[in-house]
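Modelling step: build the complete structure from the supplied sequences, incorporating the hints.
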Amino acid sequence: MTKQEQIALDKIAKNDHEIYALIKQRYSPRIFKDQALTDQDVNRLFEAVRWSASSNNWQPWRFIYAHKGSDAYNKIVECLSDFNQSWATNAPLLLLTAYKEQNPDGKENFHALHDLGLSLGNMAIQAEYMGIALHHMAGVDWKKAHEVFEVPSGYHVTTAIAAGYYGGDLNDLSEELQEQETATRKRMPQEDFAFKGGWASK
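When we follow the numbering used here, the leftmost residue of the sequence shown carries the number -16, and every step to the right adds one.
The calculated lysine-lysine pairs, modelled on DSBU-like cross-linking and capped at a C-alpha distance of 35 Å, are: (1) K51 to K(-6); (2) K179 to K(-6); (3) K58 to K127; (4) K179 to K83; (5) K7 to K83; (6) K126 to K16; (7) K127 to K90; (8) K16 to K127.
The following label-pair restraints were derived from C-beta to C-beta distances: (9) E84 to Q173: 25 to 35 Å; (10) H97 to L5: 14 to 24 Å; (11) W41 to D65: 29 to 39 Å; (12) G181 to E61: 42 to 52 Å; (13) E133 to H97: 19 to 29 Å; (14) S136 to D54: 22 to 32 Å; (15) N39 to D155: 38 to 48 Å; (16) M113 to L(-8): 15 to 25 Å; (17) G180 to A19: 46 to 56 Å; (18) S69 to A(-4): 18 to 28 Å; (19) Q173 to G104: 16 to 26 Å.
Keep in mind the hints are simulated off the structure, nothing from the lab.
Glycine included, every Cβ here is placed at the ideal spot set by N, Cα and C.
Given below as structure tokens:
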């Protein structure tokens, strides 16, 4: 068993209640197998997005994506925070996520971010089914992304995603990031966020 395979086993969630296996297995690596994602791979990920739930079926999610080696990929890297730039180039595919701010009537779509999140949940489970890892990144300069990619008014770039097949060499990361990569996963207990009958004073 390789070290990365052992890490993947160690990352399986220690759940308190039984859940779907793909949810247990999913985690967010910063290293990826040296294998390009094909157009078919990408199409399957976006097909999962396409069938996500959304308010009034408005489907406000939007994406910009690029394969490693392309000018667009390098432009996405330039929009990432310095920290994310230090590892994200390990990924064969980078994406920017965005949402449409208004509904078809021109009013604010209050649920657009919620719907974008639902679409990314679909993508994450589809990716896990395919052996593909996603690492979602908040550290992105959305204003710069708007300029670089000439995002039209009425849309808002939100996050970035590094995508690639699970695997890769742990030595491609700094010592600090290697520690994070192998750290035990932790989650708050259910009673800290799910309140039966009324809001708890947490």
